[in-house]
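Residue numbers (the working numbering), protein chains in the order written: chain Y, 123 to 507; chain D, 123 to 507; chain C, -5 to 389; chain X, -5 to 389.
Under the rule of at most 27 angstroms between Cα atoms (straight-line distance), these lysine-lysine pairs were calculated in the BS3-like manner:
id, chain 1, residue 1, chain 2, residue 2
1, D, K448, D, K135
2, D, K384, X, K201
3, X, K201, D, K448
4, C, K344, C, K28
Stretch by stretch, here's where chain X covers chain Y in the computed footprint (C-beta under 8 angstroms, at least three residues):
id, segment
5, 391 to 398
6, 406 to 414
7, 436 to 447
None of these hints come from the bench; they were simulated from the model. These figures come from a predicted structure and were not determined experimentally. Using N, Cα and C, we set each Cβ at its ideal position, and we do this for glycine too.
For reference, the chains in residue letters:
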Amino acid sequence: MFFDLTDEQKAIKKAARDMLEIECPRSYVRAMMDDARGYQPELWKKMADLGWMGLALPERYGGAGLEFLSLTGLIEEMGRFLLPGPFVSTVVGGGLTLAAAGSPVQQESILPKLVRGDLLMTLAVGTDHGRLDAGGVQNSAVRQGDGFVLNGIVRLVPDAQTADIILLAARTSQQHEEGLTLFLVDAKAPGLSVHPQYTTDGRKVANLEFSSVRVPSTAVVGRVDGAWPIIAAAQRRLTLSLCAEAVGGAGMAMEISVEYAKTRVAFGRPIGMFQAIKHKCANMLVQVESGRFLLYYAAWLLQEGASEAPEAVAVAKAWCGDSYTKVASDGIQVHGGIGMTWEHDMHLFLKRAKVIELSSGDSDYHAEHIAKELERRATAISSAR
Amino acid sequence: MFFDLTDEQKAIKKAARDMLEIECPRSYVRAMMDDARGYQPELWKKMADLGWMGLALPERYGGAGLEFLSLTGLIEEMGRFLLPGPFVSTVVGGGLTLAAAGSPVQQESILPKLVRGDLLMTLAVGTDHGRLDAGGVQNSAVRQGDGFVLNGIVRLVPDAQTADIILLAARTSQQHEEGLTLFLVDAKAPGLSVHPQYTTDGRKVANLEFSSVRVPSTAVVGRVDGAWPIIAAAQRRLTLSLCAEAVGGAGMAMEISVEYAKTRVAFGRPIGMFQAIKHKCANMLVQVESGRFLLYYAAWLLQEGASEAPEAVAVAKAWCGDSYTKVASDGIQVHGGIGMTWEHDMHLFLKRAKVIELSSGDSDYHAEHIAKELERRATAISSAR
Amino acid sequence: MDLTYPPEAEAFRQEVIAWLQANLPSGWGTPQFKLPGDPKQRRAWHVDWHRKMHAAGYVGLTWPKEYGGQGADPVMSMMLNEELTRFEAPQGANALGTRIVGPTIIQFGNEEQKRAHLSKILSGEEMWCLGMSEPGAGSDLASLQTRAVEEGDFFVVNGQKVWTSSAHLANYIYLLVRTDPTAEKHRGISVLLVDMKTPGIVVRPLKQITGESEFNEVFLQDVRVPRSNLLGEKNQGWRVIMGQLGYERSGGSRGMNCQRALEDLVRLARNTYRNGKPASEDPIIRRKLAQLAIEVNIVRLTDYKEMTIQLQGGRPGPETSFGKLFWSELNQRLSSVGVQILGLEGTLSKQSSDVVKNGEYLYAFLRAYGNTIEMGTSEIQRNIIGERVLGLPRG
Amino acid sequence: MDLTYPPEAEAFRQEVIAWLQANLPSGWGTPQFKLPGDPKQRRAWHVDWHRKMHAAGYVGLTWPKEYGGQGADPVMSMMLNEELTRFEAPQGANALGTRIVGPTIIQFGNEEQKRAHLSKILSGEEMWCLGMSEPGAGSDLASLQTRAVEEGDFFVVNGQKVWTSSAHLANYIYLLVRTDPTAEKHRGISVLLVDMKTPGIVVRPLKQITGESEFNEVFLQDVRVPRSNLLGEKNQGWRVIMGQLGYERSGGSRGMNCQRALEDLVRLARNTYRNGKPASEDPIIRRKLAQLAIEVNIVRLTDYKEMTIQLQGGRPGPETSFGKLFWSELNQRLSSVGVQILGLEGTLSKQSSDVVKNGEYLYAFLRAYGNTIEMGTSEIQRNIIGERVLGLPRG
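Excised from the complex, chain Y in its bound form (with noise of 0.2 angstroms):
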C-alpha cells in the first residue's frame, strides 16, 4: 500500500521542472501559439537529449523503459508550463501505441529516430458525427494490389501539421469495432493534403485529407481488421496524458492566483484575507489534488495492466478536464480585470484548459461510460448472490 510517486519519478518530475521553469517561459509559449510549425527544434532536441522522448519507450530503442506514471508525471510538469509541441502525439500517440502494436521491423524503422528526436507522429483517428467509438472512422482503406488505397477525411487531429509519419485509422469494412485498421503513412504521400486548423490555445491541429492515398501493405499496424483494440488503448493513454497536462496546468494556475491573492492590495489588506477569495482558492486545491489522485490512480492501472483501468481513465478524464477550466475560470475572477487582459497569462490556461476538456470526449461522454460500467458491476455482484 503506497499511493504516491516513488522517489525516482518524484526525481523525474523535479529535473523536468527545473528545465522547464528555464527553457519554457510563457513567453515562449505565446510565441509558439503563432509559429506555424508550434515548436523550437533545439528545445525538441534538449528533451530528447534529457531522454524525454524514449521514457517509457523500451531500451532497445534507446528508451529508459520506465513505467507509464513516470511519464505522466513528466507530461504534468509540461502541463504546468503549457509546453507546446508534440510531445504527446509523438510518444504517446505515436510511439507507445508502435511500441504495443507495431511488428518488430516497424518498431526498429521508426523508434529509435522517435527516441533521438529526429521524427515525430500523430495518430489519427476520425471522429464523424461526433462518434468517439469505432463508428466515428468512416475514411476508407480499400485493398489494391498489394497494397491499400485511402480515401476521406479526418478532422482536427492535434499535430498534425508536423508530423512525419501519422498512424492513421481507416476503415476496411463495414464491420463497427471490427473493421478498422491501422496504417502507417508517410506525411509527404502523395494525395494527402493537411489544412491546419486553429484552436484558440494555439495548439496545432489539422484535417487531412486522403485522395486515393496508397500504401503498402507492410504500413499494416496489427492486424487487417484488428485496429480497434489497438486504437481504445492508445486512446486511454492520450486521455491519460491530457489529464496529466491538466492536472499540471491547474496547479500551476492556482499557484499564480494564491500568489496574487497575497500580494494583491483591495480595501486595505489582501484580497486573499477575504473568504470569497480564500474559499476559491481552497476549492482550486480540492480541484487540483482530487484531479492528481485519479490520475496517479488511472495511471497506475493502466500500467498494471489492470481490468479497472478503462473506468478509471474515464473518471479521471470526466473530472480534470472540467476541474482544470473551473481553476482557470476561477483564478481570472481571483485576478479581476487584469485576468481579463491578453497581457496576463491567465487566459493561456484557460483556453489550453477548454481545448482539454473538450478533447476526448468531454466530463458528460465519460460519465456515461461510468454509469454504465456501475451498471455492470451491479448485475454482476446481483448475480453473485
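Assemble the complex: chain Y is given as a structure, and chains D, C and X must be docked to it using the hints.
Chains D, C and X in isolation, oriented as in the chain Y frame:
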C-alpha cells in the same frame, strides 16, 4: 407593463401574514405534525370566516371571485408560516377543479359548504410506476348498472385522511389520456379504506384503497373518458400552489438565517460579517426573489389562460422546488450545530422543502418538459422562416 | 400584474418594426450579412447607424424635450429596446453616453451642464467613456488615487485610469477624481466631465483575452479641467457614483438578449452531432438547455421588475445588484454551452476554415468572463446584497 | 505507487473475513436482519460486539503491546477496516476512544496516563466522549469559556459543553477547559481526562433533526478533577487539540463507506420506477450516479493517501481538512440522490407501511447535514486549507 402584485393582492397577503403570525406559531406547526388530523378546526373556521377558502371561488357560491394570483399570494404566506392542514387540497385540488369542470348541481352541492369551511376535499390521481402522466392512473372504474364500480389503490394522496369528498381519477378505458374519468367519491363510501403514510414534514398523506366502491353516474365530473384536460389543469394549479408555499417558506428560512447571522458571534464578530456567511445569505436572496418572479409570472399566465402557462408552471416548479431545499440547507449550514437540532425550527423548513421538491415532479422531470417546449418552438420558428 | 403594453405602445412597436425593416441593411440577421471586418470601418458603420436612429427620434426617447429628447413615456423606450434586441440591431454607438452619463447628468447636473451635453450625447456629437477603475482601485473603487487639485478656475488632474471601455473612440470622459486626499476615502471624491482633447490625456488600448481591444488605459498628466465641469458637488462624488452605478447595473434588455442566445443554442443543438445523434437528442444537453431556459426566464422577469419600478418613477437602487449578479453568472453558463455542444470544434478560432458561425460561440464564452468582473465583481454584488439589501454588518 | 497489500496482510484479511463470517449474527447484511429497536438493547448489542472484537484482538491492532494493543503494522489495521466496512460490521462501541482519545493519549500522555487508560479504552471498560464545543464556541473553538481553576491538587471545572456525542453512554470525557483566562485565547487552554461519575456533571440529550439523540449537552458545576488528569502541559492544550483534530478529521474508511452507499444507490435505481421506467435508465440519474462514482473514487484515494502517510510514520496535519471537506460535501450529495430516486416515497418516515428500507435513505439524507458542521464546518476547513496549506493571510 406592471410586474408586481396589485395593492389589493398585497393587502390580502399582509392581512394573511398578520393573522398567521398570531394563529400559526411554529409551536402550532409542531403540534399538528403529531396530530392525526393535522389541523385545528377552530383555525380552519377562522380562515373560512376571513374568506380564504372562497377567495378564488365564484361569488354565487359565497366566494370572492378573485383571480388565481391573489390566492397564490395567500398560499405564499401560508408557506411562510408552514401552515399545516388541507387548504391547498381542499381549495385548489377540490374547489377550483370543481368550479372549472363540475356541473352546476355538483358545484351547488359542494362549493358553498367548502367556502364556509364545512367540507374538505382532495384530488386523488394515481402515479403507478412513478408516472405523473395519464399512464400513472391504473385504478379502475367499471360501468355497472346506473353507476360505476371503483377498484384499485391510489398512493400518497395528500390530506386523504381528512377529506370528506375525494375527487378521484380512475381509468375507464385503456386509451392513454382519453381513458380517464373523474369521480366525486364520498370518503365514507363502503369499500374505501384509507391507509395513512407519514412524510417527514408531518403533513398528512394516505394511500386510498378502493374495493368495489360503487358510485352513481351523477358522481362523474365532466364527461366519461374526458378527465385528462381537467386533471392536467388542476395539477398545474396544484403545482403552482406548491411553488407558492416554497417561495414563502424559503423567504422565511432566509430571514431567520439572516437574523441569526446578524446576532451570532464567532471570532469576535457577528458571523454575518464573514463573506462565507454573507455571500451565502446573498445567494439565498437570489434564490428566493427569482422563485417569486417565476411564481407570479406563471400564476398570472394561468389566470389569463395563456398558452405559455404550462411551460411557465414547469419552469416555476423546477426552480422553486430545488430552491427551497437549497435555501433551507444553507440555512442549516449558517446556523451550524444548532440548526441540526430538533428544537430549532430550520429543519421544519428543510423537510417541507424536500417534500415539495419531490412532489408533482422534481426539477429533472419538469426540465424535460421545458426541453420539449424549447424544441417545439425552435421547430415552429424554423418552419416559419 | 399585467405584462401587456398599452395600445399606444403597441402602435409604437409597429412603427419601430416598420422602421427597422426599412432601415436595417438587407440581409441583416442572416449568416450571409457581415459588418465590415476593419475596426475603423465597423465603427463608422455604427456611428452612421446611431445617426439614423437619432434622426428617427429613437435615441433618448424618454429624455426631456428641452434637451433633445422626445419626452416619451418609459414604456416606449422598453418597446424600442425589445424590438432592437429582437432584430439584433445595434444598440447605438454611444451607449455609455445615452445609458449612463446622460441619465446621471439629468439627475445630478446643473442647467448649464444639461444644456451643454445632453443633446450632443443624443446626436452622437459627444461620444462618452467612463474613467472609473484604476490599477489600485477596482473592486475597491473608493480608494482611487487620481488627484484633482484646484488651481484658480481649474482642476489639475494627475493619475491613471484602467478598463476604460471605448476611451479610444470617445471625445468625452466622465472622470472620477480625488479632490480631498485627507478625507475618509468615500468623502473626498468628485466627478469631472472632461473633454478628451484636453492636453495631457493619453489613451493606450488593452488587448483582452478575446483578442479584441474594447478597453483602455487612460493616463492623465497635468490635465486642466474648468471648474464648471464639476458634476454635482465637490467631494460629494460618491453619491453621484452610487446613482450612476445603478444605471450601469440595471438591465434593460438582458432578458431578451439571453432569450435570443438560448434560442440560437437550441438551433445549434439540432444541427450539431454528438455521439452519432443531434445534440438536441442528448438528454444531458436537453437538461442543460432547460436549466438555461429557467434562468433566462428569471433574467427576463428581472427586466420586467426593473421596468415596473422605472415606470412608477423609481430609480435603480442596491437591488439592481441582484439582476447584475444573476445575469452575469447565467451568461457565463449560457455561453459555455455553445462551445460544449460543438465540442473541440467549438474551440476553433475565426481563421479556421471549419469554424462555426465565425467563432461567435468561442468569443461569447471568453467575453462572458468579464461579466462577473466589470461593473463590480460578483463578490462586490454579493457584499452589496448582503449589506445593503439584507442589512448584514460590513466586514 | 502500489495499491496492493503485502502477503501477510492478505493472509490477515482472510483471517478477518473468516472471523466475521463466524461471528456476525446470521442474516447479517440482509434486509431481514434487524438490530434491536430499543436504544438500550441496541447499545448492549454494540457493547457485546465490541467485546467480541476485543477478545479477537481486533481493537487497537496497532497500539503498543504494553498498553493492550497488538503492536501490529498499520497496514493490518487498514485491512481490518476495509473488511469491517465491506461487511458493514459495526465499528465498535467506543470509536471516539479508540480512534481519537487513545491516539491522542499515546501522542501526548504521560506513562501513568497511558497505563491508566489505554487498555481500558480497548476493552471498552472506558467509553469516551469528547467535551469540545460550547454554546458560544463552535467553529471558534478557541473561544471556549469552560473554566478550570486550580485548587491544591485539583482543577475545579465550571461551564457547559454542547454537541457532545455519546456523552449519555460514556464514562469518561475528554474535556477542553480554559486554565488561563488572561492569556491570548489559544494559549490558555488545557485538556483534562475526566471520569463522568465525578459529582457536578449533568448530561442532557439533544434531539437531532433525524429524530435521534446522538449528541448531548454536558453541564459542569464545581467538578473536581485531579491534577494528574491533565493531558499534556497546562495552557498548552491547543497543541493537543490540533493533533487530536487531525485524528478526528482523517478518514480511515470513508471511501469504502461511500463506495458501499453508491453501490446501494445503483441497486435502488434498478429497482425503482420513474416515469414508467427503472430509474437506472433515466439519463439524468445515470449522470448523477456517474458523478458520485467519480467523487467516491476521490474519497477512496484520499484514504489511500492518508494511509500511505500513516504507514510512513507521519501524523495527520492540516491537509486532512481536504479529506474532511470533500467527503462531507460529497456525502450530502450522495445521500440526497437516494431520496431523489425514490421521489415522494423517499420522504416517508419509518412508521409508514410503504417506507423503503426502513427509512434509511431519509435518515442518511438528514444526518448528512451534520457532516459539514461537525468536526469543523466546511467554512473552517476552507479557512484551514487557505491559510495553513496555501499560506494565505489570516482574516
